[in-house]
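S.K.: Now for the letters of each chain:
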Amino acid sequence: MTSEQGAEPRDGAMVAIEGLCKSYAAFQAVRDVSLVVPRGEAHFIIGPSGCGKSTLLRCINLLEEPTRGRMRVGETTMQFDGGRLPMSTREQAQYRTRVGMVFQQFHLFPHMTAIENIMEGPRTVKRMPNAAAREIAEALLEKVGLADKREAYPKHLSGGQAQRIAIARALAMAPEVVLFDEVTSALDPELVGEVLAVIRQLTEEGMTMIVVTHEMGFAREVANAVTFMDRGAVVEQGPTEKVLANVSNPRLEQFLRRFRS
Amino acid sequence: MSGYEWDFGKAFLHPGLWLQALVITLGYSSATIFCGLVIGVIAGMLLLSRHWLVRLPVSGFVQLFRCTPLLIQIIWFYYALPVALRITIPAWLAAGMGLTFYMAAFSAEIFRGGIMSIDKGQWQAAKAIGMLPWQVMRRVVLPQATRRMIPPFVNQSVLQLKNTSLLSIVAVPDLTYMAQVFVSETFRPLEIYTSLGVMYLIILYPLQKLAKRLERRDDV
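Protein sequence lines, in the order shown, are assigned to chains A and B.
All residue numbers for the first sequence refer to this note's numbering, where the first residue is 78 and numbers rise by one.
All residue numbers for the second sequence refer to this note's numbering, where the first residue is 58 and numbers rise by one.
Just so you know, the hints here were simulated from the structure itself, not pulled from any lab data.
Take the hints with a grain of salt, since some may be wrong.
[What the hints assert, rightly or not] Cβ-Cβ distance ranges computed for the label pairs, FRET-style:
id, chain 1, residue 1, chain 2, residue 2, range
1, A, Ala208, B, Leu128, 53 to 61 Å
2, B, Arg270, A, Arg335, 21 to 29 Å
3, A, Ala251, B, Leu199, 25 to 33 Å
4, A, Glu142, B, Ile226, 50 to 58 Å
5, B, Trp149, A, Tyr101, 33 to 41 Å
6, B, Arg112, A, Lys232, 40 to 48 Å
7, B, Ala88, A, Thr166, 32 to 40 Å
8, B, Thr145, A, Lys203, 21 to 29 Å
9, B, Ile226, A, Asn207, 54 to 62 Å
10, B, Arg270, A, Gly159, 49 to 57 Å
11, A, Lys203, B, Lys177, 20 to 28 Å
[Said to hold, decoys possible] Here are the simulated lysine-lysine pairs, BS3-like style, with alpha carbons at most 30 Å apart:
id, chain 1, residue 1, chain 2, residue 2
12, A, Lys232, A, Lys203
13, B, Lys67, B, Lys177
14, B, Lys177, B, Lys219
15, A, Lys232, B, Lys219
16, B, Lys219, B, Lys67
17, B, Lys177, A, Lys220
18, A, Lys203, A, Lys220
19, A, Lys232, A, Lys220
20, B, Lys269, B, Lys219
21, A, Lys203, B, Lys67
22, B, Lys67, A, Lys232
23, B, Lys177, A, Lys232
Cβ atoms here follow ideal geometry from the backbone N, Cα and C, with glycine treated the same way.
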């Protein structure tokens, strides 16, 4: 792999992925996936469980090391050719500060209060003074509607509240793009709405995001573009209304039918 | 069994010597616990290394000391090591080495287990906001793991204090050794060993209580 910093191309794309592959020994989890996300757009990835969509997200912020392909996020271009990642640990960490990620299981830090969770990135990674980090965190608590839970420990938060704090923690780093990995799948049905509301607000504010989800109604409503994956590969891709309205592909049709009932 | 006249007065003919022995027991306990913990934490970190060349010798050390009786370790360091290396080691030091390494071996496993018990998701979430591995360790993993390690560390320390009684085999005048001396002087083993047991109990009961309280702490 090679990586370089350069001016953002004129196409205005925040994320451009080309021919990305990820395999574990003989198993190909992600096969030749290409994806372009323009600045300020929400790109949704849907597909059956185990289709490789989560692995793709984890490849994008290098929690998994892609095997092959090209990837550009913001001004960082990376080329993977099966060799070792030449980006140093420090460069990878630096890169991740610009690519936020929210997890299905929240993964809040249980020994820190809600506000400390949000402040942790600015304070430890950006070495921001306490007061400045607190200011950012307070604003984000307000934004996700949890100002009153400032001093609560994660175990005292409901799933929906915990996930909103996790979103705030990702946003505190002011990332260029945020990756959402099935962030409502672990929630009780009545708590899904409050998390989706926060994501909807972010799309309205023009945050660039890649969202892996099973919430088809939500995808229809806010996605600018949709990718349907199956067995590691892209089956359908395009503007939301085109992909989800006139379904011609039998695999997508079968997948969507399960959500209609 | 009837007719035995208990006489605990015979057990305490030399309170000053008991006190000296108590100081030696507590001294060996705290010194070997402290040194064992320091070596154990370092060994535990090495056990977590990605390189098998680092892990292998440390793991060998840990297994060796966990799987041999402490009594043999104490005897070996006291008698065999100076001969094997053709050096003279002060007797008080040789006596403590077995105990120290024994504590270190168990501490290494406690440390390694504590770190491993932290959910992988914590690492991922911390890395995802851009933390470097040592920052993840210091800010996220260690604070959580330490709380889980404290109860087993206290338990191991309780065992360690009782295990200092084995030092009597190499003539360290600890509580147990002194009890043996008093027995040979007074022929009152029942009173003296009962008193000895009560002394260990009085020292360790509060420690055990403390461990329980730490286990119950639930602010996380």
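S.K.: Range hint 20 to 28 Å: satisfied by the CB atoms of A/Lys203 and B/Lys177?
M.R.: holds (25 Å)
S.K.: Using the C-beta atoms of B/Arg270 and A/Arg335, is the stated range 21 to 29 Å upheld?
M.R.: violated (52 Å)
S.K.: Holds or violated: 49 to 57 Å for the Cβ distance of B/Arg270 and A/Gly159?
M.R.: At roughly 54 Å between Cβ atoms, A/Gly159 and B/Arg270 fall inside 49 to 57 Å, so the hint holds.
S.K.: Is 40 to 48 Å respected by the C-beta to C-beta distance linking B/Arg112 and A/Lys232?
M.R.: violated (34 Å)
S.K.: Would you check the hint for A/Lys203 and B/Lys67, treating anything up to 30 Å between C-alpha atoms as holding?
M.R.: Violated, at about 70 Å.
S.K.: Is the Cα-Cα distance between A/Lys232 and A/Lys203 30 Å or less?
M.R.: Satisfied, since the Cα-Cα distance of roughly 27 Å is no more than 30 Å.
S.K.: Taking 32 to 40 Å as the hint, is the beta-carbon distance of B/Ala88 and A/Thr166 inside that range?
M.R.: The hint (32 to 40 Å, Cβ to Cβ) holds, given that B/Ala88 and A/Thr166 are roughly 39 Å apart.
S.K.: Check the following: the C-beta atoms of B/Ile226 and A/Asn207 are separated by a distance inside 54 to 62 Å.
M.R.: holds (56 Å)
S.K.: Against the 30 Å threshold, does the CA-CA distance of B/Lys67 and B/Lys177 hold or violate the hint?
M.R.: Roughly 60 Å between the alpha carbons, so the hint for B/Lys67 and B/Lys177 is violated.
S.K.: Check the hint pairing A/Lys203 with A/Lys220 against an upper bound of 30 Å on the C-alpha distance.
M.R.: holds (21 Å)
S.K.: Does A/Lys232 pair with A/Lys220 here, judged by a C-alpha cut-off of 30 Å?
M.R.: holds (21 Å)
S.K.: Quick check on a hinted range of 50 to 58 Å for A/Glu142 and B/Ile226, using CB atoms only.
M.R.: Since the Cβ atoms of A/Glu142 and B/Ile226 sit about 55 Å apart, the hinted range of 50 to 58 Å holds.
When the structure is compared with the earlier hints, violations turn up for hints 2, 5, 6, 8, 13, 14, 15, 21 and 22 and for no others.
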